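K.L.:
Here is what each chain is made of, one letter per residue.
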Amino acid sequence: MPSRPYDEMRGDGQHVRHLYGRVAAWLDATPSSLLARRRAEAEFIFRRTGITFAVYSDGGDPDRLIPFDIIPRLIDADEWDLLHRGLTQRVRALNAFLADAYGPREFIRAGHIPEALVTRNPAFVPFMNGFPVPGGSHVHVSGIDIVRTGPSQFHVLEDNCRTPSGVAYMLEDREVMMRLFPELFRTHRVRPISHYPEELLRTLQSVAPPNCPGDPVVVLLTPGQYNSAYYEHSFLADEMGIELVEGADLVVRDGVVHMRTTRGLRRVDVIYRRLDDAYLDPLAFRPDSVLGVPGLMAAYRAGNVTIANAPGTGVADDKAVYCHVPDMIRFFLGELPILQNVPTWQCARPDDLAYVLDNLADLVVKDVQGSGGYGMLVGPHATAATREDFAGRIRATPDRYIAQPTLALSTCPTFVDDGVAPRHVDLRPYVLGGGSGDPGSIDVRIVPGGLTRVALPEGSLVVNSSQGGGTKDTWVMEREA
Amino acid sequence: MLLSRTADSMYWMARYIERAESVARLLDVGRRMSSLVPDPDDASSEWTSTIEAAGCEASFAETHGTPTASNVIDHLVRDVRNPSSIFACLATVRQNARAVRTALSQDVWDAVNGMWIESQEWRDEDFTVEGLPRVLDWVKERSQRFGGALANTMLRREAYWWARLGMFLERAENSARIVDVKYHVLLPRGPSDVGGHLDYYQWGAVLGAVSAFRAYHWVYRDRLEPLRVAELMILRPELPRSLLSCASQVTYYLARVAGSEPGAGAGEEDDELGGPTKTVTGHDRSPSLSAARSIEHALRTTTIERIFEIGLHEFLTDFVESVNALGVDVRREYLLG
Numbered sequence: 000m001p002s003r004p005y006d007e008m009r010g011d012g013q014h015v016r017h018l019y020g021r022v023a024a025w026l027d028a029t030p031s032s033l034l035a036r037r038r039a040e041a042e043f044i045f046r047r048t049g050i051t052f053a054v055y056s057d058g059g060d061p062d063r064l065i066p067f068d069i070i071p072r073l074i075d076a077d078e079w080d081l082l083h084r085g086l087t088q089r090v091r092a093l094n095a096f097l098a099d100a101y102g103p104r105e106f107i108r109a110g111h112i113p114e115a116l117v118t119r120n121p122a123f124v125p126f127m128n129g130f131p132v133p134g135g136s137h138v139h140v141s142g143i144d145i146v147r148t149g150p151s152q153f154h155v156l157e158d159n160c161r162t163p164s165g166v167a168y169m170l171e172d173r174e175v176m177m178r179l180f181p182e183l184f185r186t187h188r189v190r191p192i193s194h195y196p197e198e199l200l201r202t203l204q205s206v207a208p209p210n211c212p213g214d215p216v217v218v219l220l221t222p223g224q225y226n227s228a229y230y231e232h233s234f235l236a237d238e239m240g241i242e243l244v245e246g247a248d249l250v251v252r253d254g255v256v257h258m259r260t261t262r263g264l265r266r267v268d269v270i271y272r273r274l275d276d277a278y279l280d281p282l283a284f285r286p287d288s289v290l291g292v293p294g295l296m297a298a299y300r301a302g303n304v305t306i307a308n309a310p311g312t313g314v315a316d317d318k319a320v321y322c323h324v325p326d327m328i329r330f331f332l333g334e335l336p337i338l339q340n341v342p343t344w345q346c347a348r349p350d351d352l353a354y355v356l357d358n359l360a361d362l363v364v365k366d367v368q369g370s371g372g373y374g375m376l377v378g379p380h381a382t383a384a385t386r387e388d389f390a391g392r393i394r395a396t397p398d399r400y401i402a403q404p405t406l407a408l409s410t411c412p413t414f415v416d417d418g419v420a421p422r423h424v425d426l427r428p429y430v431l432g433g434g435s436g437d438p439g440s441i442d443v444r445i446v447p448g449g450l451t452r453v454a455l456p457e458g459s460l461v462v463n464s465s466q467g468g469g470t471k472d473t474w475v476m477e478r479e480a
Numbered sequence: 000m001l002l003s004r005t006a007d008s009m010y011w012m013a014r015y016i017e018r019a020e021s022v023a024r025l026l027d028v029g030r031r032m033s034s035l036v037p038d039p040d041d042a043s044s045e046w047t048s049t050i051e052a053a054g055c056e057a058s059f060a061e062t063h064g065t066p067t068a069s070n071v072i073d074h075l076v077r078d079v080r081n082p083s084s085i086f087a088c089l090a091t092v093r094q095n096a097r098a099v100r101t102a103l104s105q106d107v108w109d110a111v112n113g114m115w116i117e118s119q120e121w122r123d124e125d126f127t128v129e130g131l132p133r134v135l136d137w138v139k140e141r142s143q144r145f146g147g148a149l150a151n152t153m154l155r156r157e158a159y160w161w162a163r164l165g166m167f168l169e170r171a172e173n174s175a176r177i178v179d180v181k182y183h184v185l186l187p188r189g190p191s192d193v194g195g196h197l198d199y200y201q202w203g204a205v206l207g208a209v210s211a212f213r214a215y216h217w218v219y220r221d222r223l224e225p226l227r228v229a230e231l232m233i234l235r236p237e238l239p240r241s242l243l244s245c246a247s248q249v250t251y252y253l254a255r256v257a258g259s260e261p262g263a264g265a266g267e268e269d270d271e272l273g274g275p276t277k278t279v280t281g282h283d284r285s286p287s288l289s290a291a292r293s294i295e296h297a298l299r300t301t302t303i304e305r306i307f308e309i310g311l312h313e314f315l316t317d318f319v320e321s322v323n324a325l326g327v328d329v330r331r332e333y334l335l336g
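Sequence lines, in order, name chains A and B. Residues in the first sequence are numbered from 0 upward in steps of one, following numbering that gives the first Met the number 0. Residues in the second sequence are numbered from 0 upward in steps of one, following numbering that gives the first Met the number 0.
Hints were generated in silico from the structure; no laboratory data involved. Just so you know, not all the hints are guaranteed correct.
Examples of chain B residues toward chain A, derived with CB under 8 angstroms [as the list claims (entries may be wrong)]:
#1 Ala6
#2 Thr101
#3 Gly113
Calculated Cβ distances over 12 angstroms to all of chain B for the following chain A residues [what the hints assert, rightly or not]:
#4 His232
#5 Glu242
#6 Phe284
#7 Asn463
Partial chain B-side listing against chain A, Cβ under 10 angstroms, derived [unchecked claim]:
#8 Met0
#9 Ala96
#10 Leu103
#11 Trp108
#12 Leu226
#13 Val327
Since we're looking at a predicted model, the values are computed, not measured. We put the beta carbon where it would ideally sit given N, CA and C, even for glycine.
Pulled out of the complex, with its shape left as it was, chain A reads as follows (with noise of 0.2 angstroms):
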């Protein structure tokens, strides 16, 4: 392991920060058996408003909670200003390489990206060649993972421009730790959250066909109460007050997409779809999806329904074009990155393979296509055996990996079983883009924070909750007068 990790609560000493000063006050003052307490009321109030994580692969609980910490993860008004900017860069750069790689490939022309790692990528939808997307923005909807390492040091650790989950928890750990804690809001000017789901609707009414005949009418398209995400999309649906619908709710007359009714059909102008690509349209991609609208990408391409986010925004979230992205700002936006990267060995290249297998102790690999935690590698938590076998998969398909250093990623105050002590969190800020006829230049809207993901095991990096990660509330500060 690198150096001592950054505890955001303690700064690299053992002096409270100015930040975290009342909440150090408050965690002193509150017996552990009362925090204990507060805990069980949380998770009360999450089984009954039934916000659950259901994994109904192996056996899982079809109602599982995922783990809510109830101290509060702090953010001064310069971090997140820093932050602010370096997303808004960040998500106009990635927006503008869309745009570009379905469009003139100016990018690759200039070689700045291997073309076969974009036109090859197994995300890249080439139906999407040369269509240009309404108000030009292709991600709605993004959640970029930051992890910080130092006072001021951020890093995106990776870019998720798919159908990135998690917002309703953010949202929902607001609600509940205004409930049980309401004595800390009142000590605390904590900026608010709970307008996203109106700057949501927002971005997806700015996005509407160019066929849309009136008020665009927006709908969220789910794949049903079986995903695991479900609870999340029928929150948002609820909170932005628009249809929750499957596919099988959705046809496809004349190149429109309507909904059924009880009434007959209705028109349907924008979809904001928690659905992957391959399942949107049987007709275009997999033929044997059930999940999605025959005809719908047609309709897409003739301008009478717009898809939020994109088909093919996953080549944008690729492990291996995300060592481009700081390229990406520059080529587009003609500016310096604001957030770094975190540094990236591409086992594509023989020089980078050849120093990650010879240090593969010190580093994280990454299956380029992987999610969730799944098909990595911990190199300094793995053992001799687990290395080797890994070195054998990475020398097969070297294409397939990348290495990243292991990060010492920062801590914050945890309520754990023995007490609160330090664990590793990183955060997840969901960027909006809306339309406005420019790619590199999309309206972005982030609500202040994100959700913060915390690794509740001693010593673990991993934070994904589909590997027991838990989260926490994420407070922005105002700025003090």
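Following the hints, position chain B against chain A.
P.N.:
Quick look at chain B alone, frame taken from chain A:
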């Protein structure tokens, strides 16, 4: 305007919670009647009649032999292989509620989800003759809470009408089944008991199951007469679970569903059960509404004497069949999109 799937889920959510309550009420009749038999080994006909009235004789025969208190309780309360068991109904209710969360008020969701969470706390010892009343009371209380949340917190729009429609269609069918338990009990014993003490208590059990024992005395101010009990349960508009009440509510909500958006001329909700349904005109082209009107009309124009001439059991069987057919019509007209 409502997604057909949403309407469908609202309808089934309400139907299944009503079914859970009705099965609880049926079991309560069975329990009361069997307790009138001095030797519990002799009570199998009471439990048989409960299974038959619940329409579960086929599923029961597949898994069990002679009906006893414990296997009937098991089959009707918690056996999830029986889709009409109380716990299977509750699972269906929650599944439908999850599918339409966005159409539910917070209170309705709380009622459904809370019921589901509590349902998992019952233990083996609760599914016995001694434990049964507690379970049945809980089902009835929770179902009432659902009905209350629905009535008190839902917007008077289509989603609500569909839930009410499902509820009253199911209740119409189940009220008929509850009256019919008495027929199934009498059958093996023959008519010799008619007019005896047992007969009296059995009709009392039927009334008790629909919480109408006191109502009978308020309406008739007289001792229990089979003819009057049947009249109360079938034809009296004042009794909220009578077949006529249910049928007129079904007509009312079908008219709302067939009608225009709220505020465009449809009458206020039909809280007064006494008079004929306020007519919502101009939708005679709806086949399911016409069918509902004719069911209601038949009830309004007959007498209990005439029903007994046809045969009570035959009348009730016909009624259940026509309500079932109406359910099929409704789905065909609106829900299959």
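K.L.:
Now, for every hint given, state plainly whether the structure supports it.
P.N.:
Hint-by-hint comparison with the structure:
At its closest, the beta carbon of B:Ala6 sits 5 angstroms from a beta carbon of chain A; the interface hint therefore holds under the 8 angstroms criterion. Look at B:Thr101: its Cβ gets to within about 4 angstroms of chain A, closer than 8 angstroms, so that hint holds up. Taking 8 angstroms as the C-beta contact cut-off toward chain A, the hint placing B:Gly113 at the interface holds, the least distance being around 7 angstroms. Look at A:His232: its CB is around 9 angstroms from the nearest CB on chain B, not clear of 12 angstroms, so calling it non-interface is violated.
Its beta-carbon lying about 6 angstroms from the closest one in chain B, A:Glu242 breaks the requirement of being farther than 12 angstroms from that chain. Every CB of chain B is more than 12 angstroms from the CB of A:Phe284 (nearest about 23 angstroms), matching its label as outside the interface. Look at A:Asn463: its CB is around 24 angstroms from the nearest CB on chain B, clear of 12 angstroms, so calling it non-interface holds up. Interface hint at B:Met0: satisfied, since its Cβ lies 5 angstroms from the closest Cβ of chain A, which is below the 10 angstroms cut-off.
Here the hint on B:Ala96 is kept, as its CB sits about 9 angstroms from the closest CB of chain A, short of 10 angstroms. At about 9 angstroms, the closest approach between the beta carbon of B:Leu103 and any beta carbon in chain A falls short of 10 angstroms, and the interface hint on this residue holds. Contact between B:Trp108 and chain A, as hinted, is supported at the beta carbon level, the nearest pair being about 7 angstroms apart and thus within 10 angstroms. Interface restraint check: B:Leu226 against chain A, minimum CB-CB distance 42 angstroms, threshold 10 angstroms, status violated.
The interface hint given for B:Val327 is violated, since its Cβ lies 17 angstroms from the closest Cβ of chain A, which is over the 10 angstroms cut-off.
The earlier numbered hints that this structure contradicts are 4, 5, 12, 13.
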